[in-house]
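2 protein chains.
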Amino acid sequence: MLAEDGAAARPKRADALRNIEAIVDAATRLLAADPDASLNEIAKEAGVGRITLYGHFDSRATLLREVAERAIAHSEQELGEVDLAGDPREALGRLLEASWRLTHRFGALVIAASQALSPEQLRRAHDEPAARVRALLSRGREAGEFRDDVPIDWQLSVVQAILHGASAAVHRGEITAEDAPGLVGDTVLAALSVANSR
Amino acid sequence: MLAEDGAAARPKRADALRNIEAIVDAATRLLAADPDASLNEIAKEAGVGRITLYGHFDSRATLLREVAERAIAHSEQELGEVDLAGDPREALGRLLEASWRLTHRFGALVIAASQALSPEQLRRAHDEPAARVRALLSRGREAGEFRDDVPIDWQLSVVQAILHGASAAVHRGEITAEDAPGLVGDTVLAALSVANSR
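Heads up: the protein sequence lines correspond to chains F and R, in order.
The first sequence lines up with residues 1 to 198 when you count with the working numbering.
The second sequence lines up with residues 1 to 198 when you count with the working numbering.
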């Protein structure tokens with residue numbers, strides 16, 4: 001078969017792109033829910049054979065890097081579209097809502113992939129979103145809206161911990177994905193606000 | 001040498017106990033800071049040879065289970081000594097302070113060991129401390145001190161997320177271990193308190 005018709009064994013360019021897309025999409029979905037999902041499970045979810053998957057991604061690490069690269073690029077774009085101007089509390093609310101969606105969708109995946117990521121990818125996945133939140137916290141502290149009697153690094157840690165905690169709570173079925181962004185926004189603002197300092 | 005004096009190769013019972021103690025203590029310290037610490041590093045830190053270590057613990061999993069067992073027993077004792085009576089906010093403050101110490105000391109270690117732990121050990125490490133916080137949250141909600149317009153499961157997630165976030169922030173050098181319990185208590189109470197709901 002292979003010898004008779006080599007062209008049929010080589011998928012057309014459009015098919016290949018469609019398969020790559022399906023594999024990356026399936027890997028994104030599965031790894032976000034279960035960081036230990038196997039390449040077999042990913043191939044099955046993508047509706048492609050194992051051989052096809054290995055034809056495009058020669059190792060789990062190669063696939064993880066590609067999946068993470070797309071997740072990071074997508075996150076940068078979504079975060080870049082958030083309006084950070086105006087009232088710092090409202091701007092933080094908008095940023096938290098976008099961050100929640102991205103953390104819940106990609107957080108477990110980036111952690112799963114972190115061994116396979118380049119230092120540059122890790123920096124883009126963690127440091128750049130953190131810098132965005134930090135700049136907004138800093139503006140809110142100067143405006144007297146957020147407490148400035150605790151370290152800004154601590155406030156940043158609290159924001160990150162609550163975002164990741166919410167994602168874990170949804171995965172455990174303790175809160176719904178619909179309720180999560182409201183709970184995150186509410187809790188972060190309560191923890192940061194000047195009115196709440198003792 | 002071995003043939004001539006078998007007794008010398010077999011440590012006395014007191015020596016053996018001292019070595020086990022030193023190995024478990026060293027493993028507790030190292031694994032809390034670096035969950036990937038090797039058995040070689042642990043033997044070195046304990047001041048014993050690799051052979052001695054393997055004589056007492058036939059695998060990394062056996063050592064991890066013993067280390068976790070002691071950490072869990074120690075945590076149960078410390079948490080059991082916290083006075084949970086009286087004003088719910090103050091009781092929660094005391095419980096958070098003890099929980100902070102234990103999370104910072106043993107949290108990374110229990111996570112490192114979680115693959116090696118029995119379901120019973122995992123339950124004792126996670127569910128029993130959580131049940132203690134939950135009971136106190138419940139009492140504070142009934143007393144009108146804590147918000148009861150958000151799920152109690154969410155409040156429990158927030159407490160755990162902030163405790164673990166503080167431990168990670170100390171490991172990253174962003175806040176000091178001395179400042180951490182105050183920041184944790186302050187932030188958790190701000191996030192839970194009725195006065196802070198919008």
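Hints in this document: simulated from the structure, not taken from any laboratory.
Do not rely on the hints blindly, as some may be mistaken.
Stated by the list, open to error - Partner residues aside, some chain F positions facing chain R, computed with beta carbon under 10 angstroms:
| hint | residue |
| --- | --- |
| 1 | Asp148 |
| 2 | Pro151 |
| 3 | Asp153 |
| 4 | Gln155 |
| 5 | Ser157 |
| 6 | Leu163 |
| 7 | Ala168 |
| 8 | Ala169 |
| 9 | Glu178 |
| 10 | Ala180 |
| 11 | Gly182 |
Backbone N, C-alpha and C define an ideal beta-carbon position, used for all residues, glycine too.
Taking the least C-beta to C-beta distance, is Ala180/F closer than 10 angstroms to chain R?
holds (9 angstroms)
Gly182/F as an interface hint toward chain R, with CB separation required under 10 angstroms:
It holds, given that the least Cβ distance between Gly182/F and chain R is near 9 angstroms, below 10 angstroms.
Restraint outcome when Pro151/F is required to lie within 10 angstroms of chain R by C-beta distance:
holds (6 angstroms)
Given Glu178/F as an interface hint, is the shortest Cβ-Cβ distance to chain R below 10 angstroms?
At about 13 angstroms, which exceeds the 10 angstroms cut-off, the nearest Cβ of chain R leaves the hint on Glu178/F violated.
Status of the hint placing Gln155/F at chain R (closest C-beta pair under 10 angstroms)
holds (9 angstroms)
Hinted contact Ala169/F with chain R - closest CB pair below 10 angstroms
holds (4 angstroms)
Should the interface hint for Leu163/F be scored as holding, given a Cβ-Cβ cut-off of 10 angstroms against chain R?
holds (9 angstroms)
Proposed interface contact between Ser157/F and chain R, which counts if any beta carbon pair is under 10 angstroms
Status holds, d = 4 angstroms.
Against chain R, is Asp153/F within 10 angstroms by beta-carbon distance?
holds (4 angstroms)
Given a cut of 10 angstroms on the nearest C-beta pair, is the interface hint for Asp148/F held or broken against chain R?
violated (14 angstroms)
Was the hint right that Ala168/F lines chain R, CB cutoff 10 angstroms?
For Ala168/F, the interface hint holds, since the closest Cβ of chain R sits about 7 angstroms away, which is under 10 angstroms.
Hints 1, 9 from the list above are not met by this structure, while the remaining hints are.
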